[in-house]
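K.L.:
Kindly produce the complete structure, drawing on both the sequences and the hints.
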Amino acid sequence: MEFLSLLDITFFLLAGFGALIGIIFGAIPGMTATMAVAVCLPLTYALGLHHGLALLLGLYVGGISGGMVPAVLLNIPGTPSSITTTFDGYPMARKGEGEKALRVSVIASVVGGLISAAVLFLFAPMLADFSIKFSYVEKFLIILLALSVIASLSSSMLVGIFSGVIGIWLSLIGDYSISDGGNGKTRLMFDFMEPYLFEGFSLLPVLIGIFGISTILLEAEKGVKSDLSNERIKFGKGGGFSLSIFKGRLTNLVRSSFIGTFVGMLPGVGGSAASVLAYTQEKNLSRDSSEMGKGAPQGLVASESANNALTGGALIPLLSLGIPGDSTTAVLIGAFTLQGIQVGPLFIPENSETWYIMMTALVFANIVMFFLMFYAIKHIAKVVMVPKHILYPIIVMMCVVGAYAINYGIMFDVWTLLIFGILGYLIQKIGLEVAPLIIGFILGSQAEVYFVKSLESFGTLSIFFTKSPIAIVLWLLILASVVFSIVMGLKSRARHSQEFTTDRSASRLDKKELS
Amino acid sequence: MKFPKTIVGLGSAAMMMSVAFGAGVAQAADGPLRGNVRVVIGSTSTGGDTYQNSSIVVDQLAEHLDLNMKVDAVGASAAFRALDRDSRGNTLMIFHDQSYLGYLYGVQGYDNIFEKYTVGPTVAINPGNAYLVPKDSPYETLDDIIAAAGDGETVRVAIQPGGVSEIGFSALKNAISIEHPGMEDNLVAVNTGSQSDKNQQLFDGQADVINGTVQANEQYTRLSEDDQKAMRFVWLTARQGTIQQAPENGLGQTSREQLLEFVEPNVTVTMGGDETFTFDKEFFFLYNKDMDPAIVEQIDEALTEIYAEGEIQEIQKNSFFIPNFKPSEQASEYLYDKMSRYEGIIENIK
Amino acid sequence: MESGLSSLLSVSIDFETSHLFFPTIIHWIMAGLFVLILVTKVVPFLAEVKRGERTLPIVGEPMDAFRFFGTLVLIVAYFYLMAVVGNLFPYTGYGFLFVSMAFVLLMSLMYMHEWTKKAVTIVVINAVVAPGLAWFILAKLFNITLP
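Chains as they are written, first to last, in the UniProt record's numbering: chain A, 1 to 515; chain B, 1 to 350; chain C, 1 to 147.
The reader is advised that the hints may include incorrect statements.
As a list, the in silico SDA-like pairs of lysine to any residue whose alpha-carbon atoms are at most 20 Å apart [what the hints assert, rightly or not]:
1) Lys350(B) - Phe15(C)
2) Lys133(A) - Glu225(B)
3) Lys429(A) - Glu48(C)
4) Lys133(A) - Asp136(B)
5) Lys317(B) - Leu49(A)
Hints are computed from structural coordinates only; laboratory data are not their basis.
P.N.:
Printed below as a string of structure tokens:
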């Protein structure tokens with residue numbers, strides 16, 4: 001335990017401070033964990049490796065967690081991976097249960113974070129060997145599995161799938177990127193768009209445009225009246241929260257944490273796919289998922305535990321293969337190279353001190369994150385009390401900052417906000433569905449690369465079935481997911497028509513009474 | 001008049017406020033380069049070699065010139081566009097050989113940098129461009145690979161198409177066509193993406209050789225042979241003279257001596273006649289064509305002084321970069337020559 | 001039979017046109033779904049509109065046109081002017097700072113229903129402080145490039 005001597009007060013202060021700054025970054029719509037790590041990277045040179053890592057890991061954990069705040073309170077995912085948090089968090093906030101939703105999310109987050117840290121600590125090298133069994137073929141099937149949630153997420157399956165396909169289509173605009181092994185040629189656009197759209201629309205501006213700006217447009221249309229629901233918000237005494245919410249949700253919590261860790265571990269898949277996949281599985285496997293998407297805590301548990309579990313997961317390939325699991329860990333690599341340390345398959349055995357230091361920082365940051373958030377929630381939740389004429393301009397402004405800064409200063413990303421704000425408005429007006437569309441957009445370009453590259457390598461569609469036992473398992477999961485959503489669709493249709501008939505008979509009764 | 005009245009009004013109000021804000025803009029006391037300077041790079045990664053190398057150089061420049069300078073990882077297409085728009089010198093670019101190789105390979109979005117921009121000084125070399133095989137591969141040396149392809153065996157090489165990662169592959173293909181005419185099509189490119197994708201192709205058995213780097217793959221070469229992930233260097237594309245300047249300890253546990261085994265004269269790739277192929281990945285500045293030549297000169301001078309001090313070389317070597325400063329004019333000529341050599345190879349194997 | 005199936009499944013992709021392979025598949029799926037939706041949803045819906053049972057979205061709905069189009073105009077002006085003003089002071093973030101102040105002020109005033117002295121004062125203070133704070137923390141402290 002020589003490394004203990006390296007742990008000093010500064011170390012813990014930095015990890016805690018990192019978590020705090022990370023939460024703030026994550027909580028501002030448009031600012032992400034990746035950005036927090038990127039802007040603080042130059043600081044680490046002065047801090048030295050171990051102190052620097054404490055700060056950066058704090059930022060990472062805090063940033064991923066902070067994303068839940070705007071997702072729940074404002075329906076704007078603070079980071080792309082908190083997208084599924086909006087599905088249930090915002091409906092809860094609308095019902096006046098914002099504080100409760102946040103508490104559930106914080107607990108799910110810390111459990112997810114700690115489970116993944118434990119997995120990282122115990123099994124990193126072994127899991128790295130497992131993760132390289134996933135080639136393009138298996139990765140495509142994982143994306144397909146995550147996409148299958150689209151069918152069960154929407155109220156009308158046909159419209160939902162159509163919206164999802166539109167999302168995929170939108171994600172394909174731009175070049176078939178060389179950095180993915182493509183031929184670098186653009187498609188789905190006219191020549192004059194090329195200077196702006198060469199690399200397509202970037203994810204974060206699309207997300208905050210379609211959620212943030214379109215919400216504001218919808219409100220503006222209604223005249224931005226002060227909302228009565230503000231008065232219904234349950235404050236004090238935990239806002240109706242008690243630990244009993246987690247009763248019967250333990251399986252969900254643990255399953256989602258493992259899914260998050262696992263997806264984080266696959267290089268290139270990472271990020272938002274983790275929470276989407278966990279959400280899909282909860283929807284498919286839980287006994288009663290009919291409330292999901294309308295404000296069910298179980299959706300929050302799945303989404304938040306998975307996206308925090310991503311942190312430990314994404315560090316697995318980083319530390320045992322030298323390959324980042326997601327965009328934040330890609331920046332984290334910079335901290336090592338700045339100090340002249342190579343990460344690779346021999347990193348853990350050769351730098352065991354640094355390895356223990358990192359684990360300590362990770363666990364500590366999770367704990368700090370939990371206490372900071374859990375006790376600050378009371379105050380954070382009051383954001384919704386701010387009058388809309390003050391809140392909305394600030395949201396637009398912060399969305400602009402986030403969009404502009406995400407790719408280090410590109411003005412077109414700001415215009416993307418408006419384009420997708422208007423698109424989001426129109427979509428909701430003509431009855432298409434936003435959630436499937438955005439999931440399609442997030443996963444679409446990965447689906448393309450994995451699909452096309454699999455076929456380029458093997459030249460036959462049958463490879464998707466014969467590649468490996470893993471592929472067969474994934475197909476079974478996809479099949480289960482599809483069958484499940486069809487059954488659920490039929491059930492809800494049956495229930496609808498039943499309600500419809502009882503409605504009618506009720507109204508007939510009314511008429512009788514009147515006459 | 002260029003701007004509507006309101007904007008001018010707003011602008012002058014802003015100007016007054018900026019005066020009120022005081023030290024908002026750091027002004028260099030002398031020299032044509034002033035205000036805040038943004039250096040865009042051709043990579044979107046802040047963990048990669050372009051960013052790392054650029055921030056070393058830009059930090060030193062900012063200190064030397066007493067200016068606010070900032071590196072932004074916007075990526076190639078956005079960086080070229082930002083450079084196109086700004087001739088004032090507030091936007092500069094740092095990139096590497098990809099900038100002209102992309103053009104030679106006909107990648108969409110790349111133009112001839114020697115026509116469209118002013119090529120500025122070179123600052124450093126990343127000597128790490130490498131080719132690797134699995135540790136248990138039947139190919140012991142690069143010559144084995146050339147011979148095998150010449151014998152009619154298919155050899156698959158995982159690369160990222162259209163640039164730095166492909167140029168070594170092209171040279172190899174060219175060498176096969178010279179030594180074993182007509183057999184060059186036995187060397188097949190497996191077009192893939194990031195380093196992890198290339199490694200994965202090797203683990204999956206979908207490639208026999210991969211392009212990689214000393215930095216990213218060194219640890220893989222030290223795994224034991226029974227490990228599925230173990231690899232072996234067969235070729236570093238750098239010049240012998242470049243590797244000779246590397247720190248004696250090399251990188252990780254691989255010493256400079258060991259690295260020298262994979263460059264000339266131990267490994268040679270012919271370009272026909274007496275000429276052999278080498279490739280150093282060099283980082284250099286690109287400027288807007290209409291930028292004030294005085295700024296070009298100012299940066300050249302500043303860099304000359306910085307390199308004369310000698311501190312920057314230490315920092316670069318620490319990060320496994322080889323210092324390589326050439327002032328603009330010399331750099332431009334040198335790089336143009338370099339491009340012409342590679343153009344021949346790419347034409348040859350078309 | 002076996003070989004027939006495998007030839008049916010075999011696909012060869014030309015690298016030069018591989019950027020169109022997946023989009024083509026998506027186009028076909030999208031077209032198919034569109035026709036299905038047209039038949040099962042849109043046609044019945046339009047029939048209902050014709051019978052007067054439902055109204056068309058957007059055009060047939062009541063809206064606060066002033067605030068809706070005001071928002072759109074403000075946002076467009078905001079984005080446009082930010083770049084223009086920012087270009088006058090390269091990479092200082094002043095474009096963002098000053099134009100944001102004007103934007104936040106105007107949007108707040110537009111959304112406010114009751115103009116009281118107190119409310120307007122709060123709005124004005126907010127319009128100065130919020131962008132100022134954002135600019136100072138992000139552009140100055142964290143050195144993030146802003147327009």
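K.L.:
Would you mind confirming whether the straight-line C-alpha gap from Lys350(B) to Phe15(C) stays at or under 20 Å?
P.N.:
At roughly 15 Å apart (the allowed maximum being 20 Å), Phe15(C) and Lys350(B) satisfy the hint.
K.L.:
Taking 20 Å as the top limit, are the C-alpha atoms of Lys133(A) and Glu225(B) close enough?
P.N.:
At roughly 18 Å apart (the allowed maximum being 20 Å), Glu225(B) and Lys133(A) satisfy the hint.
K.L.:
Tell me if the straight-line CA distance from Lys317(B) to Leu49(A) falls inside 20 Å.
P.N.:
With Cα atoms ~18 Å apart, Lys317(B) and Leu49(A) stay inside 20 Å; holds.
K.L.:
Does Asp136(B) sit within 20 Å of Lys133(A), going by the straight-line distance between their CA atoms?
P.N.:
The given pair, whose Cα atoms are some 19 Å apart, holds under the 20 Å limit.
K.L.:
Checking one constraint from the list: CA of Lys429(A) to CA of Glu48(C), max 20 Å. Satisfied?
P.N.:
Given pair Lys429(A), Glu48(C) holds - Cα atoms ~17 Å apart, limit 20 Å.
The structure meets every hint from the earlier list without exception.
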